[in-house]
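Given only the sequences and the hints, what does the whole structure look like? Please build it.
Protein chains in written order, with the working numbering: chain A, 1 to 401; chain B, 1 to 401; chain C, 1 to 401; chain D, 1 to 401.
It is possible that part of the hints are untrue.
Given that identical chains are not distinguished, each listed pair holds provided it fits within a single copy or across any two copies.
Straight-line alpha carbon distances no greater than 20 Å define the calculated EDC-like cross-link-like pairs of lysine to aspartate or glutamate that follow [to be verified]:
{"hint": "1", "residue 1": "K235", "residue 2": "D101"}
{"hint": "2", "residue 1": "K378", "residue 2": "E290"}
{"hint": "3", "residue 1": "K239", "residue 2": "D101"}
{"hint": "4", "residue 1": "K45", "residue 2": "D124"}
Hints were generated in silico from the structure; no laboratory data involved.
There are 4 protein chains.
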Amino acid sequence: MDYVYAPGRNHLFVPGPVNIPEPVIRAMNRNNEDYRAPAIPALTKTLLEDVKKIFKTTTGTPFLIPTTGTGAWESALTNTLSPGDRIVSFLIGQFSLLWIDQQQRLNFNVDVIESEWGQGANLDILASKLAVDSAHTIKAICIVHNETATGVTNNLSAVRRLLDEYRHPALLLVDGVSSICALDFRMDEWGIDVALTGSQKALSLPTGMGIVCASPKAIEASKTAKSVRVFFDWKDYLKFYKMGTFWPYTPSIQLLYGLRAALDLIFEEGLDNVIERHSRLGKATRLAVEAWGLKNCTQKDEWFSDTVTAVVVPPYIDSSEIVRRAWQRYNLSLGLGLNKVAGKVFRIGHLGHLNELQLMGCLAGVEMILKDVGYPVKLGSGVAAASAYLQNNIPMIPSRI
Amino acid sequence: MDYVYAPGRNHLFVPGPVNIPEPVIRAMNRNNEDYRAPAIPALTKTLLEDVKKIFKTTTGTPFLIPTTGTGAWESALTNTLSPGDRIVSFLIGQFSLLWIDQQQRLNFNVDVIESEWGQGANLDILASKLAVDSAHTIKAICIVHNETATGVTNNLSAVRRLLDEYRHPALLLVDGVSSICALDFRMDEWGIDVALTGSQKALSLPTGMGIVCASPKAIEASKTAKSVRVFFDWKDYLKFYKMGTFWPYTPSIQLLYGLRAALDLIFEEGLDNVIERHSRLGKATRLAVEAWGLKNCTQKDEWFSDTVTAVVVPPYIDSSEIVRRAWQRYNLSLGLGLNKVAGKVFRIGHLGHLNELQLMGCLAGVEMILKDVGYPVKLGSGVAAASAYLQNNIPMIPSRI
Amino acid sequence: MDYVYAPGRNHLFVPGPVNIPEPVIRAMNRNNEDYRAPAIPALTKTLLEDVKKIFKTTTGTPFLIPTTGTGAWESALTNTLSPGDRIVSFLIGQFSLLWIDQQQRLNFNVDVIESEWGQGANLDILASKLAVDSAHTIKAICIVHNETATGVTNNLSAVRRLLDEYRHPALLLVDGVSSICALDFRMDEWGIDVALTGSQKALSLPTGMGIVCASPKAIEASKTAKSVRVFFDWKDYLKFYKMGTFWPYTPSIQLLYGLRAALDLIFEEGLDNVIERHSRLGKATRLAVEAWGLKNCTQKDEWFSDTVTAVVVPPYIDSSEIVRRAWQRYNLSLGLGLNKVAGKVFRIGHLGHLNELQLMGCLAGVEMILKDVGYPVKLGSGVAAASAYLQNNIPMIPSRI
Amino acid sequence: MDYVYAPGRNHLFVPGPVNIPEPVIRAMNRNNEDYRAPAIPALTKTLLEDVKKIFKTTTGTPFLIPTTGTGAWESALTNTLSPGDRIVSFLIGQFSLLWIDQQQRLNFNVDVIESEWGQGANLDILASKLAVDSAHTIKAICIVHNETATGVTNNLSAVRRLLDEYRHPALLLVDGVSSICALDFRMDEWGIDVALTGSQKALSLPTGMGIVCASPKAIEASKTAKSVRVFFDWKDYLKFYKMGTFWPYTPSIQLLYGLRAALDLIFEEGLDNVIERHSRLGKATRLAVEAWGLKNCTQKDEWFSDTVTAVVVPPYIDSSEIVRRAWQRYNLSLGLGLNKVAGKVFRIGHLGHLNELQLMGCLAGVEMILKDVGYPVKLGSGVAAASAYLQNNIPMIPSRI
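Structural data, given as C-alpha cells:
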C-alpha cells in the first residue's frame, strides 16, 4: 500500500501535515472504545484543561472538533457572527484568501484589507477604519497569525493595541493554524476572542481535529449570533460539557489519546522551549537561504515566520520543478508555491516535531536540487551558514545531561 | 494513559465505534505525508472508486469528509436543499430525532412522521402525504435506514416504491450510518439520492470520516440548493476532483490508508458474505434474548436489525445498571438506552469486525450480569439458543479450507 | 501478508504464544535505538530489579536472554552443571521429555523418573533416590513446574521439603515456562536454584526473551561448572552487569520496552490478583469439561493446572480434527495433543492476558465443535457450568469502581 | 517510558541496530498467533526460499534462529566443527576478537592471524599456512567479512582463490553481520560454507533473529561434527523442515512478518540497488571525513567499508566525548571506538534503511560536534564534499518517475 516506496525516511518539510513523534504514533495505535464509558470523559477533561495552556489562556473555552482547519474557521465565524455582519479581514496570501472566501460565502460583509503577497497585514489601514467606526459597525477583525503561503507572521499584539486605542469592541478572530504551539501566542494577554488551530500542524498529530478556543466574550456573542450552524455549534458542546460527558457526537478515540501524548511531550520539553526551537529552526533556514543568494518571499524582518520559509527562485527556474525533483530524487517533501506565487516560490516547513539535524538534511537536499535545476549554488554554503548559527545556539537536551 | 486498565481484551459491543481489525490498525500506524505529492491522490482515486461498491452504486459520487456522521447529515442536507424547503422526516428513535433537530435548525420545513419507539417508519402516512402532494411541495424524504437507538431497520425499497407509485420527484436522503457495509443496501436499485455513513461503524475504522454518496440527481440539486455551506460544500470537492488533486483541505493520511485496508478486507470476505455474517449475528442475538425471556425493543420481525439489538428489561431493573456493571466487572461495553428508552433498554451492537465466538462471549457476559442485577435468567440459556442456530449456519472460512 | 484472513478477532487459546495486551503492543511499536546510549541501560536496570518480583526472589540474579524457552533450559543447565553430572529429571509429558532430551544431549547423566502422562512427578521415587544418595552423586533435580502437554502442575514445595529432609545439596532447576506469572511460584521460599520462563507465555509478550533467574548457590555453581557455553554463559552477563552497560550482545530494544509495559500491567493488576485470575479461568474451564461429560487428562485434582487444560476426547474422535475445525470454522486456536496423547487430547490454554468473557467465547466454540465432530454435547452446558462459578467469583475491576 | 525524550527524530548512525522502515514496523505491530496453525508454516516457507537470495545462494540451507549474531556464530561453529579442530581465524578488530574468544571457549584450536587494527585480513599468512598444510589439519577458515569496529571489509573472493589454489578442503565460515544485504556478497560463487547475519543490521529489523546459511558441504559436516549443541543444533531444524512445520521451538511471530516485509522492500528496491546505495553512502562519508582533514581508521582503500566508517580523531580529543555530545546535544547516535581504538575513533554507521539526506543530517551534526570539542573544522566542508559527489550520483527513485 505504499505506492511510491523509496529507501530511507521521507524528509517531510511541507508546512503541514508534519512529522508525528513516535510516542504519539504509539499512543494512537489502538482499538476503538466506548466513548460513553467513564474513561473517555475522564481523558477529555484533562485535554480540555491542558489544551488551554497552548493557547495561553485561563479564561477561554476550548472545543476539540472532528474537522480540519477549514472547519475550525467555520466554527469561529458562525458561532460569533450573524449574516450581513461587517468584518475586517486581511488578505496577505493563499490561506487568508481562502478564509475570506469562506467569510463571503457565509454571507458576512467582508471589508478586505489587501497587502502585497510577502507583506504582513496593513495595520495602518485597520487603524484608519477603526478611527472612523465610532458606530462600531465592524463586528470582528479576522486575521491569520502566520500566513503559511508566504511565510509571514502578523503582529497580533499590535492589532490588540489598535482595538484598545480606539476602544473598539470588535471581536478578534485569529487563525493560529501554523502558529499555535510553535510561535509566541498569547490568547488572554492579546485579547483574542477566538483562536484556532489544526491537529496536523505544530501539535504534530494526524489531521482530523480542529481546535478552537473561545473567550468569554466570544461565548457571549455565540448566544445571539444568527449564523446557521449545527455540526459546528458550540451550544451542543457546552451542553455536554455541563453534563460531564463532553461529546455531542462521536470523537476519534485515537486522536484523543494522541493529543494527550502530544501535549505531554510539549509540556515535557516546555512550551517556551518549543517556541525557542522553532525560532532556531526559522533563523537557521533564513541564513541558508541568504547564503544561497536567494530571496525570502517575506519582505521585512519583522514578518519573518519561524514555522515556514517561502524561498523565491530566479525567474528562469520553475519552483514546482524543485518540489517535484525533491520528491522524485531525494525523498524530500517541500511545499509548492500557491496561487500568485505558484512557480515562483517553494516552501520549507520547519514546524512541529523536528530538530536541527533533520533541518540540515533538508537544507543539504535543497542545495543539491538547486544545482539540479541549474541554479549556481555553492554546495554546502547554506548548511555552513545554518551550522555556524546553530552550533552556538542549540541547547543541551535537558533529559540527557 | 489507560485510566481504567482491566486484564484481557475489552469486549466492545456498543453499536459504534466498533472493533478495528488488526490489519487496519497496522495500516494506520504511520507518519504523516505530503497530501499534495502524487501518492495520496493515487490512493484517493482507488478509494473513491472502491467506496462506491459498498453503496452499490455505479453512478453516485462519493465524498470522504473529515467529519462525523452528524457532519455527514449536514453535508447531505445543505448541499441538496434550500432554507424553507419542505421535507418529510421519520421520527422513530434518538438518532432520527437528532437528525430532525438538525433539519429544523438548518431552517427546513420539517414534516415529521412519528412512530412509537420500537416501530419502523410509518409508510402509510408517507403514502398519504405523497398522494396529496401533486404540487410537489415535498422536496425530500429523510429516513434513517437503521435506527441505532431501538434496533429498527426501515424498508427503503418500500419508500422508493411509494415515490415511484406517486411519481414524486422528492429526493431520497438516507442515513445509513449503522447499516451500510452490514445490511443489504442498494443505492442505485432503490433510487437513493444521498446515502451516508461514518467510518467508525460497519467499516470498522476510527471515527473521523463521514462518507457521503450523491446520485446524479443530488449533484444536480446541489447546483441550485441555497443552504449556506462552505466546509461541507460538495462544489469544492468536485473542483478538486476535476483537477485530480482531490482534496480541498487536508485529509487524514492515516484514515485514507485505513480505509484502503478496510475495503480490502471487506472485498476479501465479500460484501455479500459480510452482510450474511451480520444476519447470523443478529439472528443469534435475538435467539438469546428470547431464551432469556426478555423482549426485543423492536416490535415486529420485519424491522429486526442485524446490527444492533435493543433489549427491554423488566420494570424493576434499571438498564443503565446493566451497562455499568458490564463495564465494571466484565470488561464488556454495552450500549445505554437513550432518551425515551433510557433505563428501559440496553443495547448489544453486533456490527463491524466481529465474529460468532466474540458474540458468544458477550452473550455469556450478559447472562451473568442479568443474574447480578436480580433477573432470574438461566445461565447458559442464551448461549445455547444462539449456538444451536450458529452451529448449523456458520460457514467454513474460505481462506482456511 | 495475512494468508488466512478471517472476520473478527482470532480466539487464541493455545498455551503459548498468548495474547499480547494492547499497551504492550504499543510499547513495542518503535524504531531501534543505540543500546549503548544511557537510555537502554537505565531501562534495563529497572527491568532486572522488577523481574525478580515475578519470581518472588530478592536474592536471585536474573538474565534476560535473546532466546526461547529451549535456550533458557540450556542456559540453566550448562551454567550450573558439568558433563557427566548425575541429574534427576521427571518425565511426565512432552515438554519434560524435550528437556530430558536436551539434558542427555548435553552429556549429563540423566536419572529419569517417569510417570504416566496425566500424572505429576513421582516424588516417592525421588525420595527413595535421595535417601540412598548420601554421597551426593545427584547434582541437580530438574523439574517442569507445569507440564504444558498434559496440564499437570507439580508440587515444588514438596520437592524442596524432600531435599531439606534429606539435607541434600542438589541444585533445584525449575522450568516455569507455563507457570511463572500465572501460578503460585516462590523462588526464594521454595529454595529454587534456577527458575526460567519465556516471554511469550504468562508475560504475554512476543517470543524472543528467555528469562532465567539464578540463586546465589547457582551463581556459585556457575563458577566451576564445566559445560561448554558461550552464548548462554552467565559470566559475560555478570561482567556487563558490573560495568553497568548490562548487555554482552545486542538485545531487542522492542522486547525491553515491551517487558517494561508487561511488568507495569502485572503490577497494576497485582501479581496475586493475576494468579487469582488464572485460578478462576482454570476452574471455570474444568467445570465446563465436566459438564460436557469429558475427562481431564490430568488424573488427580492436586495436579490440575490453572494455565492449560488437556481435554480427553472419546476414542471415536480424533482430537486433531477438533483443533483443525476450530481454526477453519470458528477462528479459534486450540492446542494439539502431542506425542503420546496426539489425537487423544486437545488443549485449552488459559494463561496470560485473558479474561473470563474471552474464555466463555472459547468454551462456546468448543461446544459447537464437539457437536460438529459428532460428540453428543448439550450446547450451552459448559458455558452454564463455568458461568455459575464465575458469576459468584469475578471481582469488580478495581480501576473502575 | 522514554527516559530521555528529545524533540525531533533520533538520528541513528550506530552500525546496528539500525533504522527500521515504517512498513516493517507496521508489519510487526500485531498480536501473537498459533505457530502450529497453517499460516506460520506457509509464511516460513516463503521466508526460507527468499532469504537465500540475500546470501546469493541457491544450494544453501538457511536457518532463522531466535538469537543474536553471537548465537549465529555459535551455530556456525558448533554444527560444523569438533572440539580440538584447528581453525584459522583473522583478528582485525573487536568483533573478530570476540568471535575468536568464542572459538577458543568452544575448545577449538584457533590459529590466529592478527593484523593491526585498521588493516584487513592478512591473506599472505593464510597462503603460507595453507601451503604447508598438505595434511589438511586446518578444518575451517573463520573470517569476518566486514569488521564493524574498524570499518574494514575483507576480500572473500581472494580467500576462496587461495583455498582453491591449494586445493584445500577447509570450510569457509563467514561472519556477514554488517555486510550481508549491504555489501557485495556471493555465497555460492565464493564457495562460502557458512554465512551468517543478524536481523538488526542491514536487514533493518529489530534484534532477535540470527540468520545462518549452510552450504551442502557444511550440512554434510554437521552430521559428524562433535561439538555439543542442542539449542543451536541444525539437526532439529532439518527434522522440522522435513515435516513441513519448520519450527523446533517457538519463533517470534512478529519477526517473521517483519522479515517478510523487510525482504519485500529489499526486492522492491532491488538487491543490487541496495548495494549501490550503500556504496554511495560509504563514499560520501569518506569524502566528508577527508574534507574535515581527519583520517579514516581503515588504512587502505581496498578495505574501505561501505557500511561503517571509523574516523580517527586527533590525539588531543577523546572520541567518546564526541559520541556523548552527539547524543546529549544533537539527538545523534554515533558508534564508540572499541577496545584498542577506544577514545581514538568514533564510528558512523551507514547501513540499512537509510538515504542520502539522512546521512547529510548526520554529517552536518558531526561537523558541529567537532567544533564543540575543539577541532578546527570548517563547517559545511564535509557536507559540501559529500554533496558534490552525491548530486552527480543519486539515481531517481524508480517508483516516482
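Structure-based check of each hint:
no.: 1; hint: K235 to D101; verdict: between (25 Å within a copy, 13 Å between copies)
no.: 2; hint: K378 to E290; verdict: both (12 Å within a copy, 19 Å between copies)
no.: 3; hint: K239 to D101; verdict: between (31 Å within a copy, 15 Å between copies)
no.: 4; hint: K45 to D124; verdict: neither (42 Å within a copy, 47 Å between copies)
When the structure is compared with the earlier hints, a violation turns up for hint 4 alone.
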